[in-house]
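A.B. asks: Let the sequences and hints guide you as you build the complete structure.
Taken in sequence, the protein lines are chains F and B. So the number in my numbering is just where the residue sits in the first sequence, counting from 1, plus 8. So the number in my numbering is just where the residue sits in the second sequence, counting from 1, plus 8.
No lab work stands behind these hints: they were computed from the structure. Worth double-checking, as some hints may not be accurate.
[What the hints assert, rightly or not] In silico DSBU-like cross-links for lysine-lysine, where the CA-CA straight-line distance does not exceed 35 Å:
{"no.": "1", "chain 1": "F", "residue 1": "Lys-27", "chain 2": "F", "residue 2": "Lys-207"}
{"no.": "2", "chain 1": "F", "residue 1": "Lys-291", "chain 2": "F", "residue 2": "Lys-271"}
{"no.": "3", "chain 1": "F", "residue 1": "Lys-207", "chain 2": "B", "residue 2": "Lys-335"}
{"no.": "4", "chain 1": "B", "residue 1": "Lys-291", "chain 2": "F", "residue 2": "Lys-395"}
{"no.": "5", "chain 1": "B", "residue 1": "Lys-98", "chain 2": "B", "residue 2": "Lys-127"}
{"no.": "6", "chain 1": "F", "residue 1": "Lys-207", "chain 2": "F", "residue 2": "Lys-291"}
{"no.": "7", "chain 1": "F", "residue 1": "Lys-27", "chain 2": "B", "residue 2": "Lys-335"}
{"no.": "8", "chain 1": "F", "residue 1": "Lys-395", "chain 2": "B", "residue 2": "Lys-27"}
{"no.": "9", "chain 1": "F", "residue 1": "Lys-365", "chain 2": "B", "residue 2": "Lys-27"}
{"no.": "10", "chain 1": "B", "residue 1": "Lys-365", "chain 2": "F", "residue 2": "Lys-395"}
{"no.": "11", "chain 1": "F", "residue 1": "Lys-395", "chain 2": "B", "residue 2": "Lys-28"}
{"no.": "12", "chain 1": "F", "residue 1": "Lys-335", "chain 2": "B", "residue 2": "Lys-27"}
{"no.": "13", "chain 1": "B", "residue 1": "Lys-362", "chain 2": "F", "residue 2": "Lys-395"}
{"no.": "14", "chain 1": "B", "residue 1": "Lys-362", "chain 2": "F", "residue 2": "Lys-127"}
{"no.": "15", "chain 1": "F", "residue 1": "Lys-271", "chain 2": "F", "residue 2": "Lys-28"}
{"no.": "16", "chain 1": "B", "residue 1": "Lys-395", "chain 2": "F", "residue 2": "Lys-291"}
{"no.": "17", "chain 1": "B", "residue 1": "Lys-98", "chain 2": "B", "residue 2": "Lys-207"}
{"no.": "18", "chain 1": "B", "residue 1": "Lys-127", "chain 2": "F", "residue 2": "Lys-365"}
{"no.": "19", "chain 1": "F", "residue 1": "Lys-271", "chain 2": "B", "residue 2": "Lys-395"}
Number of protein chains: 2
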Amino acid sequence: MEKMGCPGFLTAGVACGLKKNNQKDLGLVYSEASASVAGVFTRNRVQAAPVLLDRQRITAGVCRALIVNSGNANCCTGDQGMQAAMRMAKSAAAGLGVSEDEVLVASTGVIGEPLPIDKIESAVPGLINIMQPDGVLNLAQAIMTTDTVPKVISRRGQLDGKTFTVTGVAKGAGMIRPDMATMLCFVMTDIQATPNALKQMLVAAVNRSLNRITVDGDTSTNDTALLMANGVSGIRIGNSAQQEVFQAVLDDVLIALAKWLIKDGEGATKLVEIIVTGAATEKEAHQIADTVANSNLTKTALFGEDANWGRILAAAGRAGVPIEPQKIDIRFGSVLMIQNGMGCGQAAEAEASKILKQPEYDITIDLKMGSCSATVFTCDFSIDYVKINADYRT
Amino acid sequence: MEKMGCPGFLTAGVACGLKKNNQKDLGLVYSEASASVAGVFTRNRVQAAPVLLDRQRITAGVCRALIVNSGNANCCTGDQGMQAAMRMAKSAAAGLGVSEDEVLVASTGVIGEPLPIDKIESAVPGLINIMQPDGVLNLAQAIMTTDTVPKVISRRGQLDGKTFTVTGVAKGAGMIRPDMATMLCFVMTDIQATPNALKQMLVAAVNRSLNRITVDGDTSTNDTALLMANGVSGIRIGNSAQQEVFQAVLDDVLIALAKWLIKDGEGATKLVEIIVTGAATEKEAHQIADTVANSNLTKTALFGEDANWGRILAAAGRAGVPIEPQKIDIRFGSVLMIQNGMGCGQAAEAEASKILKQPEYDITIDLKMGSCSATVFTCDFSIDYVKINADYRT
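C.D. replies: Rendered as structure tokens:
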């Protein structure tokens, strides 16, 4: 496997006993130099303790480390939960010899159970002991819940004759309909930039990636996306041309991670890009794409590999946007299935059926009302989604 | 079975070949006297031909008959679809000897396939031939799609020493998240009232019943609820006291039908009433109840009989209402599961598990922010829901 770590960052993941079967559930990111940091967090009104803590700490714009656990969301856990989040940061800070304020915290897993903070504290010295430049896969494993594979994307870019790296790790795989952030996603880079510039670039990238996906329409209480920049590449993002170069690489990493989250969505067998074109505004395009991408009837039809376009039109029709159904074209891949609001017949359906058997494809809905468009990535809705979520806590 | 028909109405249902296995798919309601009529229809922007036709015809406020088919929604079928809907009405009008304008039409089934109008026209004479005062069960069977049982509710009331009857038939069982109307629901009564009064009472009843249910969050293109009043009881609804008496019976019929639709929702094994209390406004209470009732993660947990209240709180948190999580109480039946935003522990969970095994129960979310409340009925989300909808057209 190609080298995936980001220069100047050490990472690690261990099992501390929160998850069953000795699976990794505690992860660490440590920056050798002080890093600028920016974050976006869930807009759910119910927010986990680590989210509340990070929101405070991130205002300083600097960060040395992140400690994260899976197997327990530390959400709806009251004052005790906040104490536990702070103890988590404190134990990492003590072991790493950094200031407590410069350690961020994240958690994911079951909501409403007390966080077994003792187990975490006992495991921190061992965690710190094994951190290394190439530990990112262990970190990615340590944040998995119902994910079937760890997710790491690393890309390099060039600026002023020097190379920079952007390495992102993320986890899904249910309660995914991000609203300004998604689930857990941590991005490390070795460029140097102000916290404000980082925030601007992170928000832009998230709006093109993590905010354009849905697995099941449920927004998590723990959504957190963090971008840490430690400057060890010697590249400083000063002007907008430099920012553009970095933004492109950052977008690339986040879009790849976002698509991966959907591909590995709970029970998912298909990755489907819902593209709405010809809308009057981008907002309306997004509203329709989002409604179709979240329609259970559309998603079960995708699972059944059934070109049931009536469900797509019906979902578009309830999105709260003034559409003109008799104008709409719908394509499955390149196959025109609906023209001017009416089906294109058996031959088109036969062609579309072939598209629907593929693991990845797109569906384009052309409203023919304007020139704006939007894309949302979704997955199908399978029997396994129900099985996974009926039995999640058992 | 108790007599379910409504005086002055003849009803019928036959198989005309739209559905497989010779299942009934064509139904008729005929009023012996000219009836006042009111209707509410889907707010989906994509509307089926029969909905468009009825919207025009119902403005006259009078109606003699309704012809309805299942197995095909006659939606997204263009001009041809509108012609077919008109031919459907015309053939019924000709056979019954009434004016074409006084016949309403409804369809339900697959979207986007041409309506086989020839089959319907051929079957109309036979349909008219068998209509009878007690044919309502045949009518209810003829409008079923994925419903497992026909749904008829009949109630009687007293006014001025006379008896009146309200008989409603309805069908579900998927694409159910009504918005001002739901699916197909036809109500016959023998009181006399102006179309305006009927409309007012129908809207009030629908807002307490059909607009308070969800199976899968998808709003249909064919939702239609009609109320026909033929006056043969000799009771005239004149003043508001009389209207109140009738409204109570009408509400009773529609709430019973609405709950039945959920109980027979696609794949449903539970009927769950989501009650939100202590909200600042009724709108906010409804918004939260609706978001919880449509949360796939909540619904799969209900299927798994898992008291996973974190998912309920997470759904409430993303409803777009400014709640204070640390104040919230949640009860499963009478069991307090969450107090002030935190779990009540193992004993409460054990009690709640018993509630969750019941086929019908309620979940109460007390926001403690105000005095308004709202209720939404939902069902669980099962493996069978996915099976039914992955294979719907095959």
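A.B. asks: Run every hint past the structure and note whether it holds.
C.D. replies: Structure-based check of each hint:
no. : hint                  : result
1   : Lys-27/F x Lys-207/F  : holds (33 Å)
2   : Lys-291/F x Lys-271/F : holds (25 Å)
3   : Lys-207/F x Lys-335/B : holds (32 Å)
4   : Lys-291/B x Lys-395/F : holds (34 Å)
5   : Lys-98/B x Lys-127/B  : holds (14 Å)
6   : Lys-207/F x Lys-291/F : holds (22 Å)
7   : Lys-27/F x Lys-335/B  : holds (30 Å)
8   : Lys-395/F x Lys-27/B  : holds (31 Å)
9   : Lys-365/F x Lys-27/B  : holds (27 Å)
10  : Lys-365/B x Lys-395/F : holds (17 Å)
11  : Lys-395/F x Lys-28/B  : holds (31 Å)
12  : Lys-335/F x Lys-27/B  : holds (30 Å)
13  : Lys-362/B x Lys-395/F : holds (21 Å)
14  : Lys-362/B x Lys-127/F : holds (32 Å)
15  : Lys-271/F x Lys-28/F  : holds (24 Å)
16  : Lys-395/B x Lys-291/F : holds (34 Å)
17  : Lys-98/B x Lys-207/B  : holds (25 Å)
18  : Lys-127/B x Lys-365/F : holds (34 Å)
19  : Lys-271/F x Lys-395/B : holds (21 Å)
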